[in-house]
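Undergrad: Here's the letter readout for the chains.
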Amino acid sequence: NAGVTQTPKFQVLKTGQSMTLQCAQDMNHEYMSWYRQDPGMGLRLIHYSVGAGITDQGEVPNGYNVSRSTTEDFPLRLLSAAPSQTSVYFCASSYFPTPNTEAFFGQGTRLTVV
Amino acid sequence: KNEVEQSPQNLTAQEGEFITINCSYSVGISALHWLQQHPGGGIVSLFMLSSGKKKHGRLIATINIQEKHSSLHITASHPRDSAVYICAVSGSRLTFGEGTQLTVNP
Numbered sequence: 006n007a008g009v010t011q012t013p014k015f016q017v018l019k020t021g022q023s024m025t026l027q028c029a030q031d032m033n034h035e036y037m038s039w040y041r042q043d044p045g046m047g048l049r050l051i052h053y054s055v056g057a058g059i060t061d062q063g064e065v066p067n068g069y070n071v072s073r074s075t076t077e078d079f080p081l082r083l084l085s086a087a088p089s090q091t092s093v094y095f096c097a098s099s100y101f102p103t104p105n106t107e108a109f110f111g112q113g114t115r116l117t118v119v
Numbered sequence: 151k152n153e154v155e156q157s158p159q160n161l162t163a164q165e166g167e168f169i170t171i172n173c174s175y176s177v178g179i180s181a182l183h184w185l186q187q188h189p190g191g192g193i194v195s196l197f198m199l200s201s202g203k204k205k206h207g208r209l210i211a212t213i214n215i216q217e218k219h220s221s222l223h224i225t226a227s228h229p230r231d232s233a234v235y236i237c238a239v240s241g242s243r244l245t246f247g248e249g250t251q252l253t254v255n256p
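Here the protein sequences line up with chains E and B, keeping their order. So in my numbering, spot 81 of the first sequence is number 86, and the numbers just go up one at a time. So in my numbering, spot 4 of the second sequence is number 154, and the numbers just go up one at a time.
These aren't lab readings, by the way, just hints derived from the structure by calculation. For each residue, glycine too, the CB sits at the ideal point set by N, CA and C. Certain hints may be false.
Claimed, not checked - Once the Cα atoms are required to be at most 20 angstroms apart in a straight line, the calculated SDA-like pairs of lysine to any residue come out as:
id : chain 1 : residue 1 : chain 2 : residue 2
1  : E       : Lys14     : B       : His228
2  : E       : Lys14     : E       : Val118
3  : B       : Lys218    : B       : Glu153
4  : B       : Lys204    : E       : Phe109
5  : B       : Lys204    : B       : Thr170
6  : E       : Lys14     : B       : Val234
7  : B       : Lys205    : E       : Thr106
8  : B       : Lys203    : E       : Val118
9  : B       : Lys203    : E       : Thr106
10 : E       : Lys14     : B       : His188
Stated by the list, open to error - Simulated restraints, written as ranges between beta carbons of each label pair:
id : chain 1 : residue 1 : chain 2 : residue 2 : range
11 : E       : Val55     : B       : Val177    : 31 to 37 angstroms
12 : B       : His228    : E       : Thr10     : 25 to 31 angstroms
13 : E       : Met32     : B       : Ser232    : 24 to 30 angstroms
14 : B       : Asn172    : E       : Ala57     : 48 to 54 angstroms
15 : E       : Gly56     : B       : Asn152    : 26 to 32 angstroms
16 : B       : Lys203    : E       : Pro13     : 36 to 42 angstroms
17 : E       : Thr12     : B       : Pro189    : 32 to 38 angstroms
18 : E       : Gly68     : B       : Thr162    : 19 to 25 angstroms
19 : B       : Arg208    : E       : Glu107    : 18 to 24 angstroms
20 : E       : Lys14     : B       : Gln251    : 33 to 39 angstroms
21 : E       : Gln62     : B       : Glu167    : 42 to 48 angstroms
22 : B       : Gly166    : E       : Gly56     : 43 to 49 angstroms
Stated by the list, open to error - Where chain B lies over chain E, by a calculated footprint (3+ residues, C-beta under 8 angstroms):
id : segment
23 : 41-54
24 : 76-88
Chain B extracted, bound-state conformation:
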């Protein structure tokens, strides 16, 4: 079993829909990161959080330390949100989930 599990692996949505991507982890962490990877492009950090909730534009990230679970929400999704979203946890090093491929259709 991977130390970081993401679900779903693939997600297709219609423009405007509310999207949730989940991340569960099994190790002790000091922080959790959400990253975005566009096709053919690099990886960009969206959030780093160790408790509670953070919001940036249409993106919201939450974490429940007791349950070892985090969610990334996208409100009013848009085709430009289509990307791979990666959850990573900071322990002694960064450990990454496999990623969630999101496709938002117009």
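One chain only, chain E, in its complex shape:
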């Protein structure tokens, strides 16, 4: 049972480049989400999905797109990378709609935009 798998683990982008961070889970979780982690701040929600075909914005959605074509996959797209998007990104999944459920996190992607 792999849990939540995130790729890549590290990435360096030039300003203006685009890329997709991949996230996949094999636990049949309905709820998936993307967070960014910056020094001195708690994890902040970028986008989330409550099931295939349904996505919504979190606290800091600007500059990011998501889609959810299957229950398993929830990719995060950076359309035109900016230095302000340098961060560590985490994908997470859990059962939904019950709020009192354990969240499972991926290993993180350390992204540097130069």
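With chain E fixed as given, assemble chain B onto it according to the hints.
TA: Quick look at chain B alone, frame taken from chain E:
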């Protein structure tokens, strides 16, 4: 003011010491989570609790709903406990504290 406040931000201990990390929150919640993040690694859920106390090995988590406060205790600390410990609360979504960096020296 953040909705979730953790203290201390940094904590250094000697192996074997009893450690306490505190979490206070200002919003209504349905559950509180304690998470562990090792350097360069992912985030792992340690506890999820909505009342009382939970214990797993040397780790104990307590919550006081009336006071909106939770504590994570580590008994007989070990260098492998060195990590960032994150408190998060479940309301309409997960809201995270900034984390507590724990270093346990041998």
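Undergrad: Within 24 to 30 angstroms: is that where the Cβ-Cβ distance between Met32 (chain E) and Ser232 (chain B) falls?
TA: 29 angstroms, holds
Undergrad: Regarding Gly166 (chain B) and Gly56 (chain E), is the given constraint of 43 to 49 angstroms on their beta-carbon distance met?
TA: Roughly 48 angstroms apart at Cβ, these two residues keep to the hinted range, so it holds.
Undergrad: Looking only at beta-carbon atoms, does the pair Lys14 (chain E), Gln251 (chain B) fall within the given range of 33 to 39 angstroms?
TA: At 21 angstroms between Cβs, range violated.
Undergrad: Do Thr12 (chain E) and Pro189 (chain B) keep their Cβ atoms within the hinted range of 32 to 38 angstroms?
TA: 20 angstroms, violated
Undergrad: Need the status of pair Lys203 (chain B), Val118 (chain E): alpha-carbon distance at most 20 angstroms?
TA: Not satisfied, since the Cα-Cα distance of roughly 43 angstroms exceeds 20 angstroms.
Undergrad: Could you grab the alpha-carbon distance between Lys204 (chain B) and Thr170 (chain B) and see if it respects the 20 angstroms cut-off?
TA: 14 angstroms, holds
Undergrad: Holds or violated: Lys14 (chain E) and Val118 (chain E), Cα atoms, limit 20 angstroms.
TA: 14 angstroms, holds
Undergrad: Determine whether the Cβ-Cβ distance between Arg208 (chain B) and Glu107 (chain E) falls within the hinted range of 18 to 24 angstroms.
TA: 20 angstroms, holds
Undergrad: Falls inside 31 to 37 angstroms, the C-beta gap from Val55 (chain E) to Val177 (chain B)?
TA: 21 angstroms, violated
Undergrad: For the pair we were handed, Lys14 (chain E) and His228 (chain B), check the Cα-Cα distance against 20 angstroms.
TA: Violated: Lys14 (chain E) and His228 (chain B) sit about 28 angstroms apart, past 20 angstroms.
Undergrad: Is 26 to 32 angstroms right for how far apart the beta carbons of Gly56 (chain E) and Asn152 (chain B) are?
TA: Given range 26 to 32 angstroms: holds, Cβ gap about 30 angstroms.
Undergrad: Would the pair Lys205 (chain B) and Thr106 (chain E) pass a check requiring their Cα atoms to be no farther apart than 20 angstroms?
TA: 18 angstroms, holds
The structure fails hints 1, 8, 11, 14, 17, 18, 20, 24 (numbered hints given earlier, in ascending order).
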